[in-house]
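As given, the protein sequences belong to chains B and C, one line each in that order. Using our numbering, the first residue of the first sequence is number 1, and each one after it goes up by one. Using our numbering, the first residue of the second sequence is number 1001, and each one after it goes up by one.
There could be a bad hint or two in this list.
[Unchecked claim] Just a few of them, taken from the derived set where beta-carbon distance is under 7 angstroms, the chain B residues facing chain C:
#1 143
#2 145
#3 146
#4 147
#5 234
#6 235
#7 247
#8 248
#9 251
#10 253
[To be verified] Far from chain B, by Cβ distances over 12 angstroms, these chain C residues were calculated:
#11 1005
#12 1029
#13 1060
#14 1086
Calculated directly from the structure, the hints in this document are not laboratory data. Just so it is clear, CB atoms sit at the ideal spot from N, CA and C, and this is done for glycine as well.
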Amino acid sequence: MCLTTCHIVPESVLRRLAKDRSLSAEQRKNFEYTIKVDAEFRKLRKQTCKLTRVASLIAAPITAAAVPTKPAITVFDFNHRETLPGVRIPEPANSSDETARRVFAETTSLTEFYLKVFGRNSVDGAGMTLISSIHYGVNYNNAFWNGSQMAYGDGDGSIFVDFSKGNDVIGHELTHGVTQYSIQLNYTNEAGGLNESLSDCFGSMFRQWEAKQDVDQADWVIGKDIMGPTALQMGYSCLRDMANPAAKHCLAPQPTRYSQYKPGMDPHMSSGIPNLAFYTIAKVVGGNSWEKVGQIWYKSMTGFGPTPNMKMKTFANRTRAVAVQLYPSDTAIAGAVNAGWKKVGL
Amino acid sequence: MGTLKIERVGGLAGFGLPGSKVQSSGEQSISALSAADQASVEALFQNPPPQEEQQRDTFRYRITRSVKGKKQTVEVPESAVPIALKACVSDKLIPPD
């Protein structure tokens, strides 16, 4: 049992281990310590969930009553360990560490994207300080949102490079926070696929917004900038392709129709279905993805309160209704939304 | 005491999913683990943590052992896995079809 990270072992098991005479006195003492630490972490997780629910109730009045301001952006360094959040970097914008400078700049840009395009102030809509930690673990091939902050691995330099090099990756992870503070989708079954898809959609829109690309200029792939030399040499140019989720150049090909969905499917697979719908709709509507279709998705995500176990069909129907509500005089948009979902069988 | 087969799945890149071209796996002799890590592994098999606690885009670990000729597999969040087990997996790419 490592005591430097939060291991989610049931308390009853920890208590049994703490009394297990086959373990040394020091090990038993460590388990006692773990029980205490674990209890605090459990309280923290419960409190985070409670805070999320409360924040979702008060965030709208706060943002309606006050001119939105930018949230504070903080960057921490794991120093290749896994203990959150790491050591704070005092001035990330001027750091000698390229990753720190990049994460600060891209996260700042991302907050501007959410504020200017969607009127949202940080992940909670109320200016919550954003925490990003870099250099997670050793050669760690991943990035994640842990419920409170973002974390980025450096990649192994072969399959992947530094995960913070992908602005869509940064957009993806931060959007998990937006989802947590709005629609609050679970991470399993259909809700899990929708949760992942929202992160891909907003991550891709952020990438397009930064590059000033319309729907025809956009690459619509996720993770292009984090692919390492070995992956590229083998013909893998992205993690996922929203335009063609089953494409062979994807590291993780996905289903393209709802009929291929199976209960329990990993969210990184099932997200291909709503991803393709979003892409299809955006291409038909044309222009900049974030201006119309993005607004429909944003309102569908943030405008109706928590729906943790939402089905894909329900979300599809919500976007149909929102399209009519937001663009009542432009029936082509509602038609495109309907056709896009029908294409994937929803 | 046998050997643990460990697979790392999921994450942002979708490691080890059906059709995925990136996989991560390894093996670990149980007897080579410290007593505390052996106890932690036993706890994972006896009472695996609920999936709801998984953080977004973190990995899950699929751990398999043989007990009296029968295979037992648990799938647990990254945060529940002892570092010694995490350290024994290596990532590899599957060539295109």
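Numbers of the earlier hints that this structure fails to satisfy, in rising order: Numbers 7, 13, 14 - these are the hints that the structure violates, sorted from lowest upward.
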